[in-house]
Amino acid sequence: MNDLAYRAGQLAGGTILCRSSLCANPMGSFTESLRLAWDMATRWDPALWQVVALSLQVSGTATVIGATLGLMGGAWLAVARFPGHRAVVVVLNTLLALPSVVVGLVVYLMLSRSGPLGSWGILFTPTAMVVAQAVLVVPVVTALTRQLVADAAHGNGEQLRSMGARPFGVACLLLVHERWALLTVLLTAFGRAVSEVGAVMIVGGNIAGVTRVMTTTIALETSKGDLPLALGLGIVLLLVVALINLGIAALQWLQREPEMAAERPVALPASGQAGAP
Amino acid sequence: MMALGDPQPRAQGLAPLIRLEGAGVRFGARIVLQGVDMAVRAGERVALIGSNGSGKTTLLRLLHGQVPHLGQREVHTDAQGREPSQAMVFQRPFLLRLSVWWNLQLALWLAGVPGAQRSQRARRALERVNLREHAQRPARVLSGGQQQRLALARAWAVRPQVLFLDEPTASLDPGAKRDVEALIEEFAAEGMTVVMSTHNLGQAKRLATRVVYLESGQVVVDRPVSAFFNEPLPEAAEQFLSGERA
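Line by line, the protein sequences give chains P and S. Each residue of the first sequence is one higher than the one before, counting from 1 in the numbering used here. Each residue of the second sequence is one higher than the one before, counting from 1001 in the numbering used here.
Hints listed in this document are in silico derivations from the structure and should not be mistaken for laboratory results. One should not assume that every hint holds.
What the hints assert, rightly or not - Derived CB-CB ranges, DEER-like: (1) P:168 - S:1178: 38 to 44 angstroms; (2) S:1241 - P:93: 49 to 55 angstroms; (3) S:1065 - P:179: 38 to 44 angstroms; (4) P:60 - S:1132: 29 to 35 angstroms; (5) P:99 - S:1124: 55 to 61 angstroms; (6) S:1092 - P:250: 29 to 35 angstroms.
Claimed, not checked - Which residues of chain S face chain P? A few of them, derived with a C-beta cut under 10 angstroms, are: (7) 1066; (8) 1068; (9) 1070; (10) 1090; (11) 1092; (12) 1155; (13) 1183.
Computed from a predicted model, the values in this text were never measured in an experiment. Where is the CB? At the ideal position from N, CA and C, for every residue including glycine.
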């Protein structure tokens, strides 16, 4: 069994072993982690990619749920006015700093057998992890969307209202108008979800092959003392997220290119006479 | 350009589409408009003039029903109880980050135009303002003049009875200004009631049948265009006119 296969076995089985010789030299650990990350990324190791796939599945689903609620809620908050509106915005902005461990604990209490939602029987399943991450993501999407749409509505909302749009219609149209900027909001939300460890550890339990995701694996390997493997996994996680970001950036660029091209100055070819010093 | 008559006597005989009585607007503690009594009748072309901050745009928004106000604002309804349809073109029209075509389609959808008629109306509107070949371009890459023409097309497409224009040719070059003025002329010639704010006295002379001069949020002069430019005016209005002419 080579070193990578051995370590992949650890990922699947969760055997606690300490590799303290690597821990003793941090720079050595870093170099080793880069090599490991490269190995893991280039060799298609099923145990690793199962963990990666589950991470993407859980965080992707949580982001979709959070985006659906957050985009609608944020856009509505941007255009609606009601008593206590400012208080709601303050609370919402405060929730941006919601500690993930606290969310994990609350969701755990809700979903545990004695909790109000215990009958669902989803604790220690990926569904519970999706619920916890969605709770974390909703305030991020809502708060950022509210700010974005409120800025766009300033001075423009009246024009849409004058065309016959009602407040929620104005909000939806401004969501369409700001759709490329909102992609960045969704990326931020996905980043918050995929990098989160506390909540999924509590409600998922980090069960090998069932609820083990990238971040909980990294936490586990760190606790076992295998820092290079933990760092290597971190690098793989970053690479996967970077690939998603690149895809979305390419999409944004393709859509915005006509607008940007129209505003980009174009240098005319130098003429033999005109403009010569 | 069509010859400009003075339809004021005919217009005065008609019931006002919109009437303001003692109307005012406050933004916080600041009084922007006060004691405004005026009426807009069908077929009129009203130019609102005055210096910056005199309340022209706020008066347009008030007539259009876009701002909370003091006093009375009455809108004439027809036998079915429907208010006259209205549209407004703002000084800096807001175009969604969509194609020219979709900007028009959305305006028609918001105005409640049935789906079956939208494409035909959008096509006609684009032809009307000579933007047909730009239909698939992003609206926000158009030049300032083209954007203003698109905004006019968007307003015209919903066939409003009253069209409000807020300095429709501000910051346009002379060519674009001519195009936009010609379109306003054509819309008015079709029977559309036009209320516009402008700094340009020549434009008021060319396009309006009636001129309303505002100062510090109050209507100081409200006269047919010929009377406004040919008869003595209050001192404040004279000073404004001489400044604009200089």
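Each hint, compared with the structure:
Between residue 168 of chain P and residue 1178 of chain S the beta carbons are some 40 angstroms apart, a value that agrees with the proposed interval 38 to 44 angstroms. The hint said 49 to 55 angstroms for the Cβ distance between residue 1241 of chain S and residue 93 of chain P, and at roughly 52 angstroms that hint holds. Between residue 1065 of chain S and residue 179 of chain P the beta carbons are some 30 angstroms apart, a value that contradicts the proposed interval 38 to 44 angstroms. The given range of 29 to 35 angstroms is broken by residue 60 of chain P and residue 1132 of chain S, whose C-beta atoms sit roughly 43 angstroms from each other.
A hinted range of 55 to 61 angstroms for the beta carbons of residue 99 of chain P and residue 1124 of chain S is consistent with their spacing of about 59 angstroms. Our hint of 29 to 35 angstroms for residue 1092 of chain S and residue 250 of chain P holds, since their Cβ atoms are close to 32 angstroms apart. Hint status for residue 1066 of chain S relative to chain P: holds, with the closest Cβ pair at about 6 angstroms, below 10 angstroms. Interface hint at residue 1068 of chain S: violated, since its Cβ lies 12 angstroms from the closest Cβ of chain P, which is beyond the 10 angstroms cut-off.
Below 10 angstroms, beta-carbon pairs count as interface contacts, and residue 1070 of chain S has none with chain P, the closest being about 19 angstroms; its hint is therefore violated. For the restraint placing residue 1090 of chain S at the interface with chain P, the shortest Cβ-Cβ distance is roughly 5 angstroms, inside the 10 angstroms limit, so the hint holds. With a least beta-carbon distance of about 8 angstroms to chain P, the hint placing residue 1092 of chain S at the interface is held under the 10 angstroms criterion. Residue-level restraint check for residue 1155 of chain S holds (minimum Cβ-Cβ distance to chain P is 9 angstroms; threshold 10 angstroms).
At about 18 angstroms, the closest approach between the beta carbon of residue 1183 of chain S and any beta carbon in chain P exceeds 10 angstroms, and the interface hint on this residue is violated.
Of the numbered hints listed earlier, those contradicted by the structure are 3, 4, 8, 9 and 13.
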